[in-house]
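S.K.: Sequence:
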Amino acid sequence: MTIINDRKLNEECGIFGTFNVHDAATLTYYGLHALQHRGQEGCGIARVNNREFKRIKGEGLVTEVFNEKKLATLDGDMAIGHVLYSSNSGDGLSNVQPLLFMHSTGDFALAHNGSLVNSKQLKKYLEDKGSLFHSTSDSEILAHLIKKDNDSRDRLYHIIDALNMMEGAFSFLIMTASKLYAIRDKHGLRPLSLGKFNGGYVVSSETCAFDVVGATFIRDVEPGEIVVIDKNGLTSVDYSKFKRHHMCAMEYIYFARPDSDIEGQNVHSFRKKTGKLLFQEAPVDADIVIGVPDSSLSAAIGYSEESGIPYEMGLIKNKYVGRTFIQPSQTLREKGVKMKLSAVRSIVNNKRVALIDDSIVRGTTVKRIVGMLKQAGAKEVHLRIASPPMNHPCYYGVETTTYDELISARLKDIEEIRANLGVDSLMYLSEESLYKATNRSELCAACFTGKYPTPLYQTRK
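In our numbering, the protein residues as written are -17 to 443.
Note that these hints are calculated values from the structure, not bench results.
Worth double-checking, as some hints may not be accurate.
Below, computed lysine to any residue pairings styled on SDA-like, alpha-carbon distance capped at 25 angstroms [said to hold, decoys possible]: (1) K223 - K258; (2) K299 - Q357; (3) K178 - P275; (4) K36 - H116; (5) K356 - H374; (6) K102 - E414; (7) K301 - K105; (8) K418 - G359; (9) K258 - K418; (10) K299 - K356; (11) K213 - R226; (12) K394 - S412; (13) K105 - K130; (14) K433 - Q357; (15) K52 - N32; (16) K356 - L393; (17) K361 - I396; (18) K213 - F224; (19) K213 - D202; (20) K129 - D212; (21) K301 - G353; (22) K129 - K178.
Since the model is a prediction, treat every value here as computed from it, not as a measurement.
Please take these sequences and the hints and turn them into a complete structure.
M.R.: Structural data, given as structure tokens:
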């Protein structure tokens, strides 16, 4: 969506895996590049070749961490990769994945997208049994749970036991010497899809990566499912019979690329529909419609089409500056906002502007954008949000875990928020229209409704 230092997203990452694919690491590189929007702090690729594991990881963008020379050292036909979002833990490289584990029962690598709500309890349980943690990532918990019982059962049974101890939002890729395991949480909170490529298989957080590498979509990994990929093809195993499709609403609203399909629905089409519904619920008398780049543009197009008000490029994004909310400090985030976005004076001057944004978290950045538009001569700025007010913290990967961080929870009503942001009017999409746009009855909209699909073991107010 926005730029946003009014976002602080932690562990909302991207994962990509390949099996039986020539030059697997290079294909994984391109897959991660397609998922770069899901994480810009760090990335890594691990491969297996003749049962030997090798990993390269680093802080920065995929194109900064890898080059042809490095990729050439990652030979083999199986690999997994990961892009990491910013964390306030300060641990940097130790949290960059894939994580690699050497063990007497067999080495393996692991990559994870999501967040556990019972991580504190599981870490204490494992530490009491002698486990030592080398990162602050939830991902390491699964590895320790898999290794905790050193018996002779097949690795799959250890994975099933471990997953049934975990609660929260997650998708995992686990790579052993001969197999690739693709896993989704039983609530279906995080996306994961399967594809075919030249006789082999690929797995990705988003389908947009399949288009980039030339793979063919097969299907989504189902909630509570482990897909085992080996020389015999695909094998499906349910680790849980409790299955829901509570896909995170923010995947549709903000996280995913517009050209991705999430559980059969195109993201751009969803966002465009929210824009149309938003005008039906919250019309405005304006001269132009503009969207906040990038993920609000589809909703702005929908608002324009439904209203008949011309859509204009009133805000221009500098594509060479990373998303500001992934910067490591508040000072750099604030500088990033000024570097990243500019108002087009000749477009907005003396105009009544309908400004479309996908959501508001803290409100600090949209407040700056409104000021920027008015400095450029906008006569009025009417803010329309293509999602409901974010009134409740998220414990599933979006690092908004206190009510004080959320402007909609901190201020008493829309009028107070409007005054704080300096806009002439403010309206949000209704919860009913959010569900209508997804055309589904199950969805995790806990940040809007306070109805969490999982138990919450550890929360902060």
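S.K.: Indicate, hint by hint, whether the structure satisfies it.
M.R.: Here is how each hint holds up against the structure:
1. K223 - K258: 38 angstroms, violated
2. K299 - Q357: 17 angstroms, holds
3. K178 - P275: 33 angstroms, violated
4. K36 - H116: Given that 25 angstroms is the threshold and the Cα spacing comes to 18 angstroms, the pair holds.
5. K356 - H374: Since the Cα atoms of K356 and H374 sit roughly 31 angstroms apart, the hinted pair is violated (cutoff 25 angstroms).
6. K102 - E414: Outside the cut-off at roughly 35 angstroms; violated.
7. K301 - K105: 40 angstroms, violated
8. K418 - G359: Violated, at roughly 36 angstroms.
9. K258 - K418: 11 angstroms, holds
10. K299 - K356: 17 angstroms, holds
11. K213 - R226: With Cα atoms ~30 angstroms apart, K213 and R226 exceed 25 angstroms; violated.
12. K394 - S412: The hint holds at about 18 angstroms.
13. K105 - K130: The given pair, whose Cα atoms are some 12 angstroms apart, holds under the 25 angstroms limit.
14. K433 - Q357: Answer violated: K433 to Q357 is near 40 angstroms, above 25 angstroms.
15. K52 - N32: Judged against 25 angstroms, a Cα distance of about 19 angstroms means the pair holds.
16. K356 - L393: With Cα atoms ~24 angstroms apart, K356 and L393 stay inside 25 angstroms; holds.
17. K361 - I396: It holds: about 21 angstroms lies between the C-alpha atoms, which stays within 25 angstroms.
18. K213 - F224: Not satisfied, since the Cα-Cα distance of roughly 29 angstroms exceeds 25 angstroms.
19. K213 - D202: Within the cut-off at roughly 20 angstroms; holds.
20. K129 - D212: Roughly 21 angstroms between the alpha carbons, so the hint for K129 and D212 holds.
21. K301 - G353: Holds, at about 21 angstroms.
22. K129 - K178: 31 angstroms, violated
The structure is inconsistent with the numbered hints 1, 3, 5, 6, 7, 8, 11, 14, 18 and 22, although it conforms to all the rest.
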